[in-house]
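S.K.: Below are the chains, spelled out letter by letter.
Number of protein chains: 2
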Amino acid sequence: MIGAESLVRTLIASGVDACFANPGTSEMHFVAALDRASGMRSVLGLFEGVVTGAADAYARMTGKPAATLMHCGPGLANGLSLLHNAKRARVPIVNIVGDEATYHEPLDPPLTTDTEGLARPVSAWVRKVKRTEVLGSEAAAAVAAARETSGIATLILPSDVSWNEGGVVGTPLPVPPRSKAPDESIREAARVLRQREETLILMSGAALSEAGLMIAYRIASATGARLSAQTFNTRVARGRGRYPIQRVPYFVDEAVKENAGVKHLILAGTGMPVTFFAYPNKPGMATPPDAKVHVLARTEDDVVDALARLADELGAPDVPVADRPAPDVRRGRITPEGASETLAALLPDSSIIIEEAITLRNFFFNALTNAAPHDSLENIGGAIGAGPPLATGAAIAAPGRRVVGVQADGSAMYTIQALWTQARENLDVTTVVLSNNKYAVLFRELAAVGATPGKTANDLFEINRPDLDWLRLSESMGVEAARAETLDQFADLLRYSFARKGPFLIELVIDRG
Amino acid sequence: MIGAESLVRTLIASGVDACFANPGTSEMHFVAALDRASGMRSVLGLFEGVVTGAADAYARMTGKPAATLMHCGPGLANGLSLLHNAKRARVPIVNIVGDEATYHEPLDPPLTTDTEGLARPVSAWVRKVKRTEVLGSEAAAAVAAARETSGIATLILPSDVSWNEGGVVGTPLPVPPRSKAPDESIREAARVLRQREETLILMSGAALSEAGLMIAYRIASATGARLSAQTFNTRVARGRGRYPIQRVPYFVDEAVKENAGVKHLILAGTGMPVTFFAYPNKPGMATPPDAKVHVLARTEDDVVDALARLADELGAPDVPVADRPAPDVRRGRITPEGASETLAALLPDSSIIIEEAITLRNFFFNALTNAAPHDSLENIGGAIGAGPPLATGAAIAAPGRRVVGVQADGSAMYTIQALWTQARENLDVTTVVLSNNKYAVLFRELAAVGATPGKTANDLFEINRPDLDWLRLSESMGVEAARAETLDQFADLLRYSFARKGPFLIELVIDRG
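Top to bottom, those sequences are chains H and Z.
The opening residue of the first sequence carries number 1 in my numbering; numbering runs sequentially from there.
The opening residue of the second sequence carries number 1 in my numbering; numbering runs sequentially from there.
One chain only, chain H, in its complex shape (with noise of 0.2 angstroms):
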């Protein structure tokens, strides 16, 4: 068996069931071998950033990796920005990256470059496969390693070893399950709580799904402490019958207000709620600079385990979990806050939201708070054009559900290629572009650093002259895409795109000022 057929199997046998590719000459066994092997979905991206970002979003919807096939170290390179997201997610993925052969690297050929330095900043586990008898051995640890850490792991495969003789199938090893917090961090939580100063508990990770909300609200109840996600996480349950979870605000003058008075920081499965930036003689932090901090789970830990465990030391009861009102379609002219009612009261249960769109995400996380039942993935890492991939992965990893992209024109374009894919895999993805024709982020971050901006900002903030034209982009790759002008016709449009299979594109003009 040659060892290109050995790393399919192991990766199959280990439980990768599906890879996003971007292949290349030194790639060509690995895909020989996947028509030799069942078991394993691949998937073209035009684009590795499209590979990357799908695999993260795989990995958040089904808890198992994902693999990446990319083709040498400036193949990696184009995949890193979506990786690093990955990473602060904090999800398994295993990424199969083609190099030169052994022998012929030393000729430092044109591709050649620190294919493992490129890695390593977003990789928990680098390895460079010298020898086709232990490929097997080293996909299995590197799937192992992906989801004993959560994180990233680069398998370098330069292209003799791929092809060699002596392959061999590597067994799947076990995977520990996640580390309980201390007793003590139980008790100690407990402990602030029941002193009834104001406490924050600020939460991540798993403590954002059904069961770990329906827990925090319990202790919330019995306590009186206030609930908080992170500015951006991971996957949190959302819409209606989950427990409305707010989230630190992005911009740090309203996160520093909401939090001025806490006493207390209770840390359920994340970390301190550092800004985004730093500002000018403004904090770096949500909460205040004297606020005691204590560590109920760190962020590797079993936090649902962890919350269950500090409920029942306080005794919490049960608490039910109040009906809200779903939002109304609303009409008329586009307003952000129309927009994302109309968004919510439309929304299919059991959807997907993937919302990029920073200036104007809580309107639509405020409206969506009444939506259906549904799961929300966001931008965890900060860097852009994570929506349209995300949306692509998502739609793989959980067919049946619809997924909704929320996405701001700017951030789109990093990642546009991502459409060819829904289109070529029929994805029930519906992306929503924010058309403003600007970097609006920009224009405000401008204002927070004290700064007008004159003609060069103007130029580099706005991406009009030309007015992307959304409608044939999408369709130039087989989207079907249509623009809503009022919010009549996007209500439409919404209806017109749940109500069947396959992807669409919604440009929404707003807010053109």
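Bear in mind the hints are in silico, worked out from the structure with no lab data behind them.
One should not assume that every hint holds.
Remember, identical chains collapse to one label, so a pair may be satisfied in a single copy or spanning two.
30 angstroms max Cα-Cα, derived DSSO-like pairs, lysine-lysine [stated by the list, open to error]: (1) Lys-130 with Lys-282; (2) Lys-64 with Lys-455; (3) Lys-263 with Lys-128; (4) Lys-128 with Lys-282; (5) Lys-128 with Lys-455; (6) Lys-455 with Lys-501; (7) Lys-438 with Lys-292; (8) Lys-455 with Lys-292; (9) Lys-64 with Lys-128; (10) Lys-282 with Lys-501; (11) Lys-180 with Lys-292; (12) Lys-180 with Lys-501.
Keeping the supplied structure of chain H fixed, place chain Z upon it in accordance with the hints.
M.R.: Chain Z in isolation, oriented as in the chain H frame:
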């Protein structure tokens, strides 16, 4: 003066007059400073690959570095693959990468990553500036390093270093001239050439300028040596009136066959003719293993000087380049030969050809040999998606000259956002998309490694289902476009585009077999 202003003023004083930018929050003060200083043209790219690829071409055409402006590690990551190409092209670039404030980064905000680690594989000089007072002098050092090494200098700029007062404009630093090849190398090459055994003079870099080629032709005529360029080169002077330099074929069998008899290999400003990839049971070098290698000039030496000294040493007389007839416009069905002849017949004088079309490149190369005089920029590092950004940067660097991209469809999709910048800046770029709906090279490579394509391989190598609609895609970003289904149409569209200002895209429907 704040740091950002000292940085911008230092760059301008050091001769950097163009900035290709995709800014984010950390770069706000730099953007504001661009408005306070004059002498720097700022060009927005909607994706960082556009920015870095354009800077590469700018340097190829002007010989001097442009600045790039990117946002944090993830922004740099998106530009890395085309920086890899720029490194291989040995051109100067100065990257400005905004980053988290020095005091905020230790809090590990979401965009934090090892920005220096990401920069290092492509950079000759990497420095993270920690104090505003030295930002100007570090910027001067960055420009000098880029120029001296013909490489990439990456200056990482924490936002507080940018916004703090205390900036001092840096003094431009002198750059030493290129090293001269030692006399011994000249004499050794002359001795070899006088033996009149089968000798290949392999050239790259400045040896492929009009002056370099003329001198090399003198040497070849006087000695019977054969001249060849590397497979891919930074910039080649081509067309009528220039010596019609050949190049080492990309496909290894052709390359080995062509050079089978070579006894002596003289390297003129380049390394060995290493093949792009290794293949089972095939050599990794285009010349025989027993050919004797002689270094006339290293990559970093002044190769034109070395060639001139060698020609003088040999007493080689001037040789006029023979007149060659211009190709004819062809008619009828589209064939690779017909299309390339037609382009060559109509190409305006002083055009710039950007070719990224691996399976069809020889057709265009051969036909363009007899076109009007032009420069050719090639994808020298193998990271694909180089074409559209290179075309964009070349047009910014050389106003008044027509830029023609000969562009494979698969490659174009990696960085297609470049079209928008071409429209915004009204650049004289004509993009000819060779539309065959597949990664044709991969079918060829799969065969080369001895595998036959199964269903998965076909799925991963064909980029139809859906077909890309190039006209809509181009028009969506403001670039007028039309389809050529015959050579007559192709000729008409080329004439139309060449007769007017601004960008245009032609979908050349080719080889759908």
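S.K.: For Lys-438 vs Lys-292, is the C-alpha pair at or below 30 angstroms within one copy, between two copies, both, or neither?
M.R.: neither (41 angstroms within a copy, 59 angstroms between copies)
S.K.: Can you give me the call for Lys-130 and Lys-282, within, between, both or neither, at a CA distance of at most 30 angstroms?
M.R.: Answer is between: at 20 angstroms across copies they meet the 30 angstroms cutoff, but 50 angstroms inside does not.
S.K.: Cα distance capped at 30 angstroms. Does Lys-282 pair with Lys-501 within a copy, between copies, both, or neither?
M.R.: So Lys-282 and Lys-501 fail the 30 angstroms test inside a copy (48 angstroms) and across (49 angstroms) alike.
S.K.: Evaluate Lys-128 and Lys-455 at a C-alpha cut-off of 30 angstroms and name the case that applies: within, between, both or neither.
M.R.: between (49 angstroms within a copy, 29 angstroms between copies)
S.K.: Is it within, between, both or neither when you check Lys-180 against Lys-292 at 30 angstroms Cα-Cα?
M.R.: For Lys-180 and Lys-292, only the intra-copy Cα distance (23 angstroms) is at most 30 angstroms; the inter-copy one is 66 angstroms.
S.K.: Is it within, between, both or neither when you check Lys-455 against Lys-292 at 30 angstroms Cα-Cα?
M.R.: neither (46 angstroms within a copy, 59 angstroms between copies)
S.K.: If the cut is 30 angstroms between Cα atoms, do Lys-64 and Lys-455 qualify within a copy, between copies, both or neither?
M.R.: Answer is between; shortest inter-copy Cα gap is 26 angstroms, intra-copy 48 angstroms.
S.K.: Are the CA atoms of Lys-180 and Lys-501 at most 30 angstroms apart within a copy, between copies, both, or neither?
M.R.: neither (42 angstroms within a copy, 67 angstroms between copies)
S.K.: At most 30 angstroms between C-alpha atoms: does Lys-455 with Lys-501 qualify within a copy, between copies, both, or neither?
M.R.: between (45 angstroms within a copy, 24 angstroms between copies)
S.K.: Is it within, between, both or neither when you check Lys-128 against Lys-282 at 30 angstroms Cα-Cα?
M.R.: Result: close only across copies, 23 angstroms inter versus 44 angstroms intra.
S.K.: Given a CA cutoff of 30 angstroms, do Lys-263 and Lys-128 count as a within-copy pair, a between-copy pair, both, or neither?
M.R.: neither (49 angstroms within a copy, 37 angstroms between copies)
S.K.: Under a CA distance limit of 30 angstroms, which applies to Lys-64 and Lys-128: within one copy, between copies, both, or neither?
M.R.: within (23 angstroms within a copy, 37 angstroms between copies)
This entry does not satisfy hints 3, 7, 8, 10 and 12, going by the numbered hints stated previously.
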